[in-house]
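> Spelled out, the chains give:
There are 6 protein chains.
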Amino acid sequence: MRGVPKSRVRAADVGDVPFRSRYSLEESLEDIERYYLDLKARSVRPLSVGGDHSITYPILKALGKDAPLGLVHIDAHCDTMGAYDGSKFHHGGPFRLAVLAGVLDPERTIQIGIRGSSNMFWEFSHASGMTVIYMEDFMSIGVAGVIEKARAVVGAQPIYISVDVDGFDPAYAPGTGTPEAGGLEAREGLALLRGLQGLDIAGADVVEVAPEYDPTTNTSQLAAQILFEEFALMTLGRP
Amino acid sequence: MRGVPKSRVRAADVGDVPFRSRYSLEESLEDIERYYLDLKARSVRPLSVGGDHSITYPILKALGKDAPLGLVHIDAHCDTMGAYDGSKFHHGGPFRLAVLAGVLDPERTIQIGIRGSSNMFWEFSHASGMTVIYMEDFMSIGVAGVIEKARAVVGAQPIYISVDVDGFDPAYAPGTGTPEAGGLEAREGLALLRGLQGLDIAGADVVEVAPEYDPTTNTSQLAAQILFEEFALMTLGRP
Amino acid sequence: MRGVPKSRVRAADVGDVPFRSRYSLEESLEDIERYYLDLKARSVRPLSVGGDHSITYPILKALGKDAPLGLVHIDAHCDTMGAYDGSKFHHGGPFRLAVLAGVLDPERTIQIGIRGSSNMFWEFSHASGMTVIYMEDFMSIGVAGVIEKARAVVGAQPIYISVDVDGFDPAYAPGTGTPEAGGLEAREGLALLRGLQGLDIAGADVVEVAPEYDPTTNTSQLAAQILFEEFALMTLGRP
Amino acid sequence: MRGVPKSRVRAADVGDVPFRSRYSLEESLEDIERYYLDLKARSVRPLSVGGDHSITYPILKALGKDAPLGLVHIDAHCDTMGAYDGSKFHHGGPFRLAVLAGVLDPERTIQIGIRGSSNMFWEFSHASGMTVIYMEDFMSIGVAGVIEKARAVVGAQPIYISVDVDGFDPAYAPGTGTPEAGGLEAREGLALLRGLQGLDIAGADVVEVAPEYDPTTNTSQLAAQILFEEFALMTLGRP
Amino acid sequence: MRGVPKSRVRAADVGDVPFRSRYSLEESLEDIERYYLDLKARSVRPLSVGGDHSITYPILKALGKDAPLGLVHIDAHCDTMGAYDGSKFHHGGPFRLAVLAGVLDPERTIQIGIRGSSNMFWEFSHASGMTVIYMEDFMSIGVAGVIEKARAVVGAQPIYISVDVDGFDPAYAPGTGTPEAGGLEAREGLALLRGLQGLDIAGADVVEVAPEYDPTTNTSQLAAQILFEEFALMTLGRP
Amino acid sequence: MRGVPKSRVRAADVGDVPFRSRYSLEESLEDIERYYLDLKARSVRPLSVGGDHSITYPILKALGKDAPLGLVHIDAHCDTMGAYDGSKFHHGGPFRLAVLAGVLDPERTIQIGIRGSSNMFWEFSHASGMTVIYMEDFMSIGVAGVIEKARAVVGAQPIYISVDVDGFDPAYAPGTGTPEAGGLEAREGLALLRGLQGLDIAGADVVEVAPEYDPTTNTSQLAAQILFEEFALMTLGRP
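Chains as they are written, first to last, in my numbering: chain A, 1 to 239; chain B, 1 to 239; chain C, 1 to 239; chain D, 1 to 239; chain E, 1 to 239; chain F, 1 to 239.
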């Protein structure tokens, strides 16, 4: 049976960001940033679940306030687009915004799993100095090689880990909004995360999980396992 | 086989509202209103498909600009709530806004199919003079009785027809965002619409259709049939 | 639990029509007719499951060979169309063919549940003298009234019963090829069948069952119950 | 959006029955009975959700300990079978066991919605004096008539309400283990429950809810609404 | 098709083969051949989507009319069977027919991904000189090796590319009629196609796509990506 | 089309274990053991399909009665847990029971595919001398290496093969009760089985198949292919 959890986290350990209004995008981003600033002030390393990838920008704004963070980013898309439909605060641009806000260090950023025919927005990634591992590179370099590269890129300074489930092939994560055929296997992504052990992880997330699109529940199961790996990394890897 | 349509409407006959930005709710409402004002200026009677019930407010603002419209409204909810989460422009309040804007005549408004345990926002409907047919009334009055009442309420002046698919029981329309058990049968709703023949219909819609929640495709099939009935009413009933 | 059947019908009691080739429509119709002629010769009253409604024509050709049969027909469509796409042997025309072949008596035929915006092929039904109960008539006459009418139309001579699951509302039978919103409830169709007790039933079928379109299995469950009712009618009603 | 509940019941208000072992049916029944005896001792009127209808027997054993209860029972099946597969503690027999244990008064029991071709186990219901409303009776008597009959049967003494979701037509509740075509509409069942207002309700349940079989979530939505109605009845009807 | 496409190609760019009758297999094959002969006469390189793999035979008959084509064929099955059920025009035999008609050069044909317990019809492939890459070979040779082999087999002369989605593992393409466990990954198939760049491609297809069997939409997403790759190959690789 | 099998096994070749009562776990285990003892007495090598992995314990008890068997075990979990919820006869412990009963030789047992965050019950496996191939080992050793290791571990004496479909990644087998992200590919598992050719196989199974959780039917298709491979192994590998 798909089991019932035996123990539950206590209410004090988790939280939903309190929003002033669901109708104001700008206010919501401010609300997220304020909430994470408070977590940071209390030395809490946050683990976040989305939802739209746009949430990662205000999270980075809070966590990278004192010094820009490095980033390990698994995704089918670079998410460094500019303004779209009249706004720059969308799920295709959080990492551009974070670089421009000085909270993300592009030289210490690696993006893994990039691909797709509708995907032509990687200029900023290259221009700003990010390392981009396209899916065809991933296949030839292999998981061990990508781990080595990632560790070399991000170094020993604090980093953030952001996993968009569409980085995985839709066979593993059908429940997402912009699936792209030809992505990572589940076990490759999990191995990649485990390969980051010992790094100084300031926070992590898994985003773009949309269970409504997945009658098998596989997407949620995979997202839960990713959270578990990220949690383990933050505990084991504590410098 | 679920057939392929033999003929298609020409591009000139249909249109999507052009939006400046999907990130500004206020601008989007203005964009819808402007688009329908143009349709009205060209004497086009619009048939609309949603999407969120909030779209009906700017449509009514355009179509009722010269004189407030009457309304036949099939729904599980009154949709006359006030501000919520800091905004009044949500899918629970279009008809309150329309009354306050002077484009909807509450005395010539009938709301049919109202029910649900999470539903306690009908004060404005009653206070403003709308006729509310709760589901338990619907069952005792019957379709013919409700048609008679609707025609008496809206009279011979121009009216709008708004059908929220959640007015139907979720058995008939599972693909919607706020399903409420215990609603209309498909054939009852269709008969109700046919009973409006001869009225002066300025526009009509079917909203809250969410095919992603319905693996049977029934919701879309029903919505298409509702549009067909509304189209027939607007053609046959042309005064 | 959805149980496992405890006993199984013996191989001798059931059969699949042996086909010479799935690639010849004409040959397949001949194969069906020959098979049912053999059943008739052995005084077997057949209960059939489809599949496409086109199978009912060769079945009627066999069973009505000596004298034209009466018909109780539950369906959203009249299925009395002429040639279509270059062939007259399709699922929209079996009852026209049966009348023209002299094996179905249109004066003793009643069609129940007819409706739908894509449905404009009822001329032959009316021209040949069939009784057509449109869905709006069904709602005003009621089940008991329709049973009375059906018994009056078909009389005491041998009849055939043909149930297309799309006669039911798609809420009850989503797994079918040409669903039409606004049909019979399951319990109405079952009550209608029970109301035919005592008639001389030469054969019966349930057709257009397509389980692939129905993740709930409801369509198959309903079709099985219809077969049970038809079986009971043929046993209890044996003259 | 299928909304997130704004408030939650406090932990002290709800509970799961603590079981010694999931592998012993007899022990589990004892565990349930003991748990409900404790609730009864604390004057708590329990509202229960299943799961298998077999849970209702130990619940009745606890709640009817001092005096046999009356029962309003909505179901496709009488659930008064004897031993099956070597055990009498199964989901087809709780009400037989309860009568034999002296905790359920068959003369004050009404069973509503009974039907189905696999259903031939109603002898005990009739022999013990229960009132059985078959589905064909339900259709001719109507909801108001059934309410009147139910109130006459159960009287003013304490009663229990047990709703098996398979009492509803599978179109309304596909997510259940033994669906039977031709059942109640959702709104009929809800109206029936509301018609019991003012009765002395010692406890209530909704059982046989199996969300895994229902990709539309309708079954769970309906079950939640039934619980809401039962909760309202217990609050409003408090003598 | 279920659903309305989000964006539409202009009518002049696409076409449906006009069929005389859906009831004559032979006529339909002639209709396809005639249509593609016309495309060929106008120097159009066709990209086709199915549907049954039997369509590839008349396409090859048209495109290979002047000189037999080479073939890169991704599939779980060889599709070189003989007559079946009295006809040779089925989805298991198009490439046998094409060789026998002199429009396909078996020496310049490579079949990739072959496997399956119900699959024992590869004699003709071997006898006629085709290169068959069984799935176990694929796993040991690897994508790069298979690309090298494919380029060696087909050479510089014009070729056709035919992709049956069942060549992929059902995890990647559940929506197909004869799934076989143990096939290609999506990214392997896409890499394989990209490895054909520079070849002289006379036409290409993706077939056996059956969205009805896939509630995740993954199969359609993958098929669309395959079409994109094939389109790119035909543009970039133009000699 | 998903085809209809052309031939069927004769009734004499297959069988369901006759159970005294589904309500007694202990009796059911005895019933299974007795049934397989009879098969063994008649020199039948059984191929079994589950259902819960707990069935493998009584099967091993029968088949390993005269001499403890070796085991090739594909699974996400070791299934060597102790008592749980008051019983030791559950689906997490069959191989511990089999070792303790002396019917399974832990030194000749290899467990392949082990992983998962809820999985911390491998002490007994290691303590008893089993060879455990965790998923991360599987990825670095590769299929050929694992086959070599498996053959070395089990040797030439009789073995049993037990395949839990949750050994495969949920992308390949979503229809199971305790899915764990990051498992085997279908083709790897099939290749692994083929690599066991020539071994002395006393029996084999595939378990934990739950088609209700898989709307794509992929899990059942994969399970069927596994059975085919196991059947082939038992025939080809007969010493």
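Think of the hints as simulated: they come from the structure by calculation, not from any bench. No experiment lies behind these values; they were computed from the predicted model shown. Check the hints yourself; a few may be wrong.
When chains are identical, the list treats them as one kind, so a pair holds in a single copy or across two.
Keeping only pairs whose Cα atoms sit at most 20 Å apart, straight-line, the calculated EDC-like set for lysine to aspartate or glutamate is [claimed, not checked]:
id: 1; residue 1: LYS88; residue 2: GLU26
id: 2; residue 1: LYS88; residue 2: GLU27
id: 3; residue 1: LYS65; residue 2: GLU107
id: 4; residue 1: LYS65; residue 2: GLU148
id: 5; residue 1: LYS88; residue 2: GLU136
id: 6; residue 1: LYS40; residue 2: ASP66
id: 7; residue 1: LYS88; residue 2: ASP52
id: 8; residue 1: LYS149; residue 2: GLU107
id: 9; residue 1: LYS40; residue 2: GLU123
id: 10; residue 1: LYS40; residue 2: GLU136
id: 11; residue 1: LYS65; residue 2: GLU212
id: 12; residue 1: LYS149; residue 2: ASP16
> When Cα atoms must be at most 20 Å apart, do LYS88 and ASP52 count as within-copy, between-copy, both, or neither?
within (14 Å within a copy, 24 Å between copies)
> Reference check for the pair LYS149 and GLU107, CA-CA at most 20 Å: within, between, both, or neither?
within (13 Å within a copy, 40 Å between copies)
> Have a look at LYS40 and GLU123 and pick one of within, between, both or neither, based on CA distance no larger than 20 Å.
neither (32 Å within a copy, 39 Å between copies)
> Using 20 Å as the alpha-carbon threshold, which applies to LYS65 and GLU107: within, between, both, or neither?
Answer is within: at 17 Å inside a copy they meet the 20 Å cutoff, but 57 Å across does not.
> Can you tell me if LYS88 and GLU136 fall within 20 Å by alpha carbon in one copy, between copies, both or neither?
Classified as neither: same-chain Cα gap 29 Å, cross-chain 41 Å, threshold 20 Å.
> For the identical chains here, do LYS88 and GLU27 meet the 20 Å Cα criterion within one copy, between copies, both, or neither?
Answer is both; intra-copy 14 Å and inter-copy 16 Å each pass.
> I want to check one pair: LYS40 and GLU136. Are their C-alpha atoms no more than 20 Å apart within a copy, between two copies, both, or neither?
neither (37 Å within a copy, 34 Å between copies)
> Can you tell me if LYS149 and ASP16 fall within 20 Å by alpha carbon in one copy, between copies, both or neither?
For LYS149 and ASP16, neither the intra-copy (35 Å) nor the inter-copy (47 Å) Cα distance is at most 20 Å.
> Regarding LYS65 and GLU212, is the shortest C-alpha distance of 20 Å or less found within a copy, between copies, in both, or in neither?
Neither way: LYS65 and GLU212 sit 35 Å apart in one copy and 40 Å across, limit 20 Å.
> My question is about LYS40 and ASP66: at a cut-off of 20 Å on alpha-carbon distance, are they close within one copy, between copies, both, or neither?
This pair counts as within: shortest intra-copy Cα distance 10 Å, inter-copy 56 Å.
> Cα distance capped at 20 Å. Does LYS88 pair with GLU26 within a copy, between copies, both, or neither?
The answer is both: 10 Å in one copy and 17 Å across copies each meet 20 Å.
> Cα distance capped at 20 Å. Does LYS65 pair with GLU148 within a copy, between copies, both, or neither?
Answer is neither: 28 Å inside a copy and 51 Å across each miss the 20 Å cutoff.
Comparing the model with each earlier hint shows violations of hints 4, 5, 9, 10, 11 and 12; every other hint is respected.
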